[in-house]
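**Student:** Assemble the complex: chain A is given as a structure, and chains B and C must be docked to it using the hints.
For reference, the chains in residue letters:
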Amino acid sequence: MAILEINHVSRYFGGLAANWDVSFEVPEGTIVGLIGPNGAGKTTLFNCITGYYRPSKGEIVFQGRRMNGLKPDKVCKLGMARTWQKVRPLTNLSVLDNAVVGALCRTNSVREAREIAHEQLRVVHLDGRAGLRAGALPIGERKRLELARVLATKPRLLLIDEAMGGLNAAESEEIIRLILEIKDQGLTQIVIEHDMKAIMRLSDRIVVLNSGEKLAEGTPQEIVANPQVIEAYLGVEQ
Amino acid sequence: MAIFEQALVSGILIGGVYALIGIGLTIIFGVMRVINFAHGDLLMVGMYLTYYIFTILHIDPFLSIAITIPLMFLFGAFLQKFFINRVLNALPQNQILLTIGLGLIMSNTVMLAFTSDYKILTTKYSSSSVTILGISISSPLVISFAITVAISLALTWFLRETNTGQAIRATAQDREAATLMGINVKRMSIIAFGLGSALAGTAGALIAPTYYIFPQVGSIFTLKAFVITVLGGLGSVSGAMIGGVLIGVAESVGGAYLGSGWKEVITFVLFLLVLLLKPSGLRGKSQT
Amino acid sequence: MTPAADAGKGTHYVPLALITLSIGVLLMVPLFVESTYLLHMMILIFINVIIGSAWNILGGYTGQYSVGHAAYFGVGAYTTMILLQYRQIAPWYGIWAGAVVALMTALIIGSICFRLRGSYFVLASIAVAEIFRVSALNLKAITNGAEGILITEIPPLTIGGTLITDWESKIPFYYTGLIFALVSITVSWLVLRSKLGYCFQAIREDQDAAHSLGINPTLYKNAALAISAIFTALAGGLYGAYVGFIDPSTVLGLEKSIQIVVVCIIGGVGTIFGPVLGAALLVPLSEALRSNVITDLLIKAGLVRAESPVGVFLKENLAHAHVLIYGILVVIVILFMPEGVLGFFRKMATRRGSRGSGVGGRRKGKDLAVTSDSEPSTHDPKPATLDSHPATPNSDPRPPTPDSRG
Chain A
0 MAILEINHVS RYFGGLAANW DVSFEVPEGT IVGLIGPNGA GKTTLFNCIT GYYRPSKGEI
60 VFQGRRMNGL KPDKVCKLGM ARTWQKVRPL TNLSVLDNAV VGALCRTNSV REAREIAHEQ
120 LRVVHLDGRA GLRAGALPIG ERKRLELARV LATKPRLLLI DEAMGGLNAA ESEEIIRLIL
180 EIKDQGLTQI VIEHDMKAIM RLSDRIVVLN SGEKLAEGTP QEIVANPQVI EAYLGVEQ
Chain B
0 MAIFEQALVS GILIGGVYAL IGIGLTIIFG VMRVINFAHG DLLMVGMYLT YYIFTILHID
60 PFLSIAITIP LMFLFGAFLQ KFFINRVLNA LPQNQILLTI GLGLIMSNTV MLAFTSDYKI
120 LTTKYSSSSV TILGISISSP LVISFAITVA ISLALTWFLR ETNTGQAIRA TAQDREAATL
180 MGINVKRMSI IAFGLGSALA GTAGALIAPT YYIFPQVGSI FTLKAFVITV LGGLGSVSGA
240 MIGGVLIGVA ESVGGAYLGS GWKEVITFVL FLLVLLLKPS GLRGKSQT
Chain C
0 MTPAADAGKG THYVPLALIT LSIGVLLMVP LFVESTYLLH MMILIFINVI IGSAWNILGG
60 YTGQYSVGHA AYFGVGAYTT MILLQYRQIA PWYGIWAGAV VALMTALIIG SICFRLRGSY
120 FVLASIAVAE IFRVSALNLK AITNGAEGIL ITEIPPLTIG GTLITDWESK IPFYYTGLIF
180 ALVSITVSWL VLRSKLGYCF QAIREDQDAA HSLGINPTLY KNAALAISAI FTALAGGLYG
240 AYVGFIDPST VLGLEKSIQI VVVCIIGGVG TIFGPVLGAA LLVPLSEALR SNVITDLLIK
300 AGLVRAESPV GVFLKENLAH AHVLIYGILV VIVILFMPEG VLGFFRKMAT RRGSRGSGVG
360 GRRKGKDLAV TSDSEPSTHD PKPATLDSHP ATPNSDPRPP TPDSRG
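Chains as they are written, first to last, in numbering that gives the first Met the number 0: chain A, 0 to 237; chain B, 0 to 287; chain C, 0 to 405.
If we strip away everything but chain A, and leave its shape as in the complex, we get (with noise of 0.2 Å):
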């Protein structure tokens, strides 16, 4: 069953089309990685799915509901939530602050919030950290923080734009270990992500994007021999 289905989207930018006739689907339960060069149109599709920018054309169908036009705030309500390519930190608020915002979404309750902030932080392992002001940690932290922010809003659906660039071998590892952790829980999870190591082990499939289109769709295995993304990528490693 697909949690998410991709219909034919397009976004334009006056004459440029950001994304062109994109077509995939997103079946529960799974992670689908999201990969093409710099430029392919990864993170404006990720705008068109959260509401960010309405498609110029196509649909975006989320558990069988059109998500076209919705603003990003109804659909995280809805059950979709998206990491930031630049993390985004709440800095001045305390870490838990931060995660307790997220749980907000569910809750009108502060203590409950505070309940559901404390368990995301410790899946992430920043329990410790928690009266930490947000805006003090290391980069490698800002981003276990902005996941277990955004667990708390409790999605179906998780899309996580490059978590792990900036990040070094050891962070990278601990990113990888959450998200398979997070699929195991239930979560389907669409990832876009450089480090192609990563992509092979976390995806069930691919979908390659390049100059806004999709250029190829499969397993790990079969994109990493497909010709045609090898010759757009120049480099891909198996």
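Misleading hints may appear alongside valid ones.
List time: in silico DSBU-like cross-link candidates among lysine-lysine, alpha-carbon distance up to 30 Å [claimed, not checked]: (1) A:Lys-153 to A:Lys-196; (2) A:Lys-85 to B:Lys-262; (3) A:Lys-85 to A:Lys-56; (4) A:Lys-182 to A:Lys-85; (5) A:Lys-56 to A:Lys-76; (6) A:Lys-73 to A:Lys-85; (7) B:Lys-277 to B:Lys-262; (8) C:Lys-194 to A:Lys-153; (9) B:Lys-262 to B:Lys-123; (10) A:Lys-182 to A:Lys-196; (11) C:Lys-139 to B:Lys-118; (12) A:Lys-76 to A:Lys-153; (13) A:Lys-182 to A:Lys-153; (14) B:Lys-262 to B:Lys-118; (15) C:Lys-346 to B:Lys-80; (16) A:Lys-85 to A:Lys-196; (17) A:Lys-76 to C:Lys-194; (18) B:Lys-277 to A:Lys-73; (19) C:Lys-346 to C:Lys-194; (20) A:Lys-85 to C:Lys-194; (21) C:Lys-139 to B:Lys-262; (22) A:Lys-153 to A:Lys-85; (23) A:Lys-76 to A:Lys-182; (24) A:Lys-70 to A:Lys-56; (25) A:Lys-73 to C:Lys-346; (26) B:Lys-277 to B:Lys-123; (27) A:Lys-70 to A:Lys-85; (28) A:Lys-153 to A:Lys-73; (29) C:Lys-346 to A:Lys-85; (30) A:Lys-70 to A:Lys-182; (31) A:Lys-70 to C:Lys-194; (32) A:Lys-73 to A:Lys-56; (33) A:Lys-56 to B:Lys-277; (34) A:Lys-70 to B:Lys-277; (35) A:Lys-153 to A:Lys-70; (36) A:Lys-73 to A:Lys-182.
Reference excerpt, derived from the structure (chain C facing chain B, CB under 7 Å, subset only) [to be verified]: (37) Leu-115; (38) Val-121; (39) Ala-126; (40) Ala-300.
Please keep in mind that the hints were generated in silico from the structure rather than gathered at the bench.
Using N, Cα and C, we set each Cβ at its ideal position, and we do this for glycine too.
**Tutor:** Same frame as chain A, but now just chains B and C:
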């Protein structure tokens, strides 16, 4: 119909002076991304400078510009170096508050020094007028307009043809890239603020013969300057020129038909409309 | 429970005792103090506490710096005064009417101004307040224009036949002001701890991120503005009734808007007691200037002779200098203490306490919104995204991250 033509012409002429104010503000914003809320008070300082040069040294206001320009430039450079520079990386709200504070200091210091009494600068030709094509136009206004055009041309030449001018434009386009190109952006900021102040002060000098001079006169012009620059597109010199004339005309014509009391409201309503409908202004890039 | 949360619990008792004590003292002041001048100053402080706390909800918590709050102050003042003077409606009804009118104008203004961000929002708020001021000047039939409204008397307040007060002395105004000030501080505190408070602050920190977490920015910004406008209007009504005279430049002018902002930022933006501190500092300073107290002190101390040119100058002019002092204060605070006096002292305390701890400041107790920053970087959160320096001011269509072509 004569009323309309009269108002239109006056509007265009005063619009030229408004344009000067707007250009100064837009250069400051373009180069430093700072919204200078003390701009009108810089104009006020220019007015008082001109007034005292006239009353003490008996130099005609349109001639004393030669003194006012460099003095205001230095004053602006001073403000930038010691105050504005410190908040270039702060929240824009704090930047605005700082410039508001500086403006308050300027206007109230002047008030303490010279009292709030309205001062009038009367020259031999203050109330004389010329008649062109059946329309009576105030002479000082015509001279102001001519000077404004001259200064605008000089400024455009400076920005296009000189190294410094191009460096300023480069800094306005992309501060980081400009730094990488070897441009001293700190110096550019100082020059930009100096230029902006000089232009504001000059505008003050030009309207000194025809406006009441008092310490609080600045705030009216600050708001007008913002409308002009937003209308023209923040950072666009040509936009500020067009914006200035447009506001001048709108005010003049509006004032003729609605009465002078409501003149101010026209400006603000226009402002809000621009902010809502085309916030990038006439010459700014549109949203896609 | 994390250590930070635990520490918060213990520190609750100290402020609570302090607060109760302070309230007790304040309640007793008029019984023991004869000086009407002191009462006058306290009343002004209370009014400024209200307007400071009110602005704080929109500016401090939600990060929307309105420099046009005089619009609501003036609306509250004018509604109250007009109803009192021309319709003989008592101000204890009038101020609520004022609050309602202010609420309606706030929602209209919000729908216009909240599409803009950062500096553009500031400018729009100023423009709106100016429209109100000029309108008040011109609509003479309603507002009496530049001449303003002078009230002749306030009807006596009776409850069930018993006369409570005839408003002749300052004491009833004192208690009214005190009650409203306490209410506004309480509301400020309640908002901060509630879901509203979290959503407001999330918007302040990063509006687009907040949006993606299920927060509707328009809804919450308007909510903040609504609360803020209501209390500002109440303060305006109270001011009008107390002072007895209002005109467009006093209650709708830019100077008033700036004063409202200064009260809050001097004390400490985004904190509960910042506005209290700001009011307590600004009002006495302003009054001291106005009434030549400072000049007299300088002369008495022998630093300045009354007949000397300096002495004469000070005597004549320092009274008018209070706005100049606002300006100087703003500059000093922005340059050296952007987190206000409260933030400044907290920073000093943190530095001393956490020397060598390196990373991060600890949150002190649950009633503080903004934590101190022991990092060496700039005081203010560095603008990370397009929000803060929009070359174009509009919030919606712009992509939330600059490198979204990825």
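**Student:** Does each hint hold? Answer for all of them.
**Tutor:** Taking the hints in turn, this is what the structure says about them:
1. A distance of roughly 28 Å separates the Cα atoms of Lys-153 (chain A) and Lys-196 (chain A); the hinted pair therefore holds under the 30 Å criterion.
2. Of the supplied pair hints, the one linking Lys-85 (chain A) and Lys-262 (chain B) is violated, its CA atoms being roughly 47 Å apart against a limit of 30 Å.
3. For the suggested pair Lys-85 (chain A) and Lys-56 (chain A), the alpha carbons sit about 27 Å apart, so the restraint of at most 30 Å is met.
4. The straight-line distance between the Cα atoms of Lys-182 (chain A) and Lys-85 (chain A) is roughly 23 Å, inside the 30 Å bound, and the hint therefore holds.
5. For the given pair, Lys-56 (chain A) sits about 24 Å from Lys-76 (chain A) by alpha-carbon distance, which is consistent with the 30 Å threshold.
6. Proposed proximity of Lys-73 (chain A) and Lys-85 (chain A) is supported: the alpha carbons are some 22 Å apart, at most 30 Å.
7. Restraint check for Lys-277 (chain B) and Lys-262 (chain B): the C-alpha separation of about 22 Å stays at or below 30 Å, so the hint holds.
8. Restraint check: the Cα-Cα separation between Lys-194 (chain C) and Lys-153 (chain A) comes to about 17 Å, which is no more than 30 Å; the hinted pair holds.
9. Proximity of Lys-262 (chain B) to Lys-123 (chain B) is assessed by CA-CA distance (about 29 Å); at most 30 Å being required, the pair is judged to hold.
10. With a C-alpha separation of about 18 Å, the suggested pair Lys-182 (chain A) and Lys-196 (chain A) falls inside the 30 Å cut-off, and the hint holds.
11. Between Lys-139 (chain C) and Lys-118 (chain B), the direct Cα distance comes to roughly 28 Å. Compliance with the 30 Å bound is thereby established for this hinted pair.
12. Taking the CA atoms of Lys-76 (chain A) and Lys-153 (chain A), the gap is about 9 Å. The hint holds against a cut of 30 Å.
13. Straight-line distance between C-alpha atoms of Lys-182 (chain A) and Lys-153 (chain A) comes to about 13 Å, which keeps the hinted pair within the 30 Å bound.
14. Taken as a hint, the Lys-262 (chain B) and Lys-118 (chain B) pair is honoured in the structure, with Cα atoms around 23 Å apart against an allowance of 30 Å.
15. At roughly 27 Å between alpha-carbon atoms, Lys-346 (chain C) and Lys-80 (chain B) fall within 30 Å of each other, so this suggested pair holds.
16. Straight-line distance between C-alpha atoms of Lys-85 (chain A) and Lys-196 (chain A) comes to about 21 Å, which keeps the hinted pair within the 30 Å bound.
17. Between Lys-76 (chain A) and Lys-194 (chain C) the alpha-carbon distance is near 16 Å, which keeps this suggested pair within the 30 Å criterion.
18. For the given pair, Lys-277 (chain B) sits about 27 Å from Lys-73 (chain A) by alpha-carbon distance, which is consistent with the 30 Å threshold.
19. Taken as a hint, the Lys-346 (chain C) and Lys-194 (chain C) pair is honoured in the structure, with Cα atoms around 27 Å apart against an allowance of 30 Å.
20. As the CA atoms of Lys-85 (chain A) and Lys-194 (chain C) are separated by approximately 26 Å, the hinted pair is consistent with the 30 Å bound.
21. Restraint check: the Cα-Cα separation between Lys-139 (chain C) and Lys-262 (chain B) comes to about 16 Å, which is no more than 30 Å; the hinted pair holds.
22. Of the supplied pair hints, the one linking Lys-153 (chain A) and Lys-85 (chain A) holds, its CA atoms being roughly 22 Å apart against a limit of 30 Å.
23. The straight-line distance between the Cα atoms of Lys-76 (chain A) and Lys-182 (chain A) is roughly 20 Å, inside the 30 Å bound, and the hint therefore holds.
24. Restraint check for Lys-70 (chain A) and Lys-56 (chain A): satisfied, since their Cα atoms lie roughly 17 Å apart, inside the 30 Å limit.
25. Taking the CA atoms of Lys-73 (chain A) and Lys-346 (chain C), the gap is about 39 Å. The hint is violated against a cut of 30 Å.
26. Distance check on the hinted pair: Lys-277 (chain B) and Lys-123 (chain B) sit about 44 Å apart at the alpha-carbon level, beyond 30 Å; violated.
27. The suggested pairing of Lys-70 (chain A) with Lys-85 (chain A) holds, with an alpha-carbon distance near 21 Å, which does not exceed 30 Å.
28. A C-alpha spacing of about 14 Å is found between Lys-153 (chain A) and Lys-73 (chain A), which places the hinted pair at or below 30 Å, so the restraint holds.
29. At roughly 29 Å between alpha-carbon atoms, Lys-346 (chain C) and Lys-85 (chain A) fall within 30 Å of each other, so this suggested pair holds.
30. Between the alpha carbons of Lys-70 (chain A) and Lys-182 (chain A) the distance comes to roughly 26 Å, so the proposed pair stays at or under 30 Å and holds.
31. The suggested pairing of Lys-70 (chain A) with Lys-194 (chain C) holds, with an alpha-carbon distance near 20 Å, which does not exceed 30 Å.
32. Note on Lys-73 (chain A) and Lys-56 (chain A): the hinted pairing holds, with a Cα-Cα distance of about 20 Å set against a maximum of 30 Å.
33. With a C-alpha separation of about 25 Å, the suggested pair Lys-56 (chain A) and Lys-277 (chain B) falls inside the 30 Å cut-off, and the hint holds.
34. Among the hinted pairs, Lys-70 (chain A) with Lys-277 (chain B) is consistent with the structure: their alpha-carbon atoms are about 22 Å apart, no more than 30 Å.
35. At roughly 18 Å between alpha-carbon atoms, Lys-153 (chain A) and Lys-70 (chain A) fall within 30 Å of each other, so this suggested pair holds.
36. Distance hint between Lys-73 (chain A) and Lys-182 (chain A) is fulfilled; the C-alpha atoms sit about 23 Å from each other, no more than 30 Å.
37. For Leu-115 (chain C), the suggested interface contact is upheld, since its CB lies about 6 Å from the closest CB of chain B, less than 7 Å.
38. Checking Val-121 (chain C) against chain B: minimum C-beta separation of about 5 Å stays under 7 Å; hint holds.
39. Look at Ala-126 (chain C): its Cβ gets to within about 4 Å of chain B, closer than 7 Å, so that hint holds up.
40. Among the interface hints, the one on Ala-300 (chain C) is violated; its C-beta lies about 22 Å from the nearest C-beta in chain B, farther than the 7 Å criterion.
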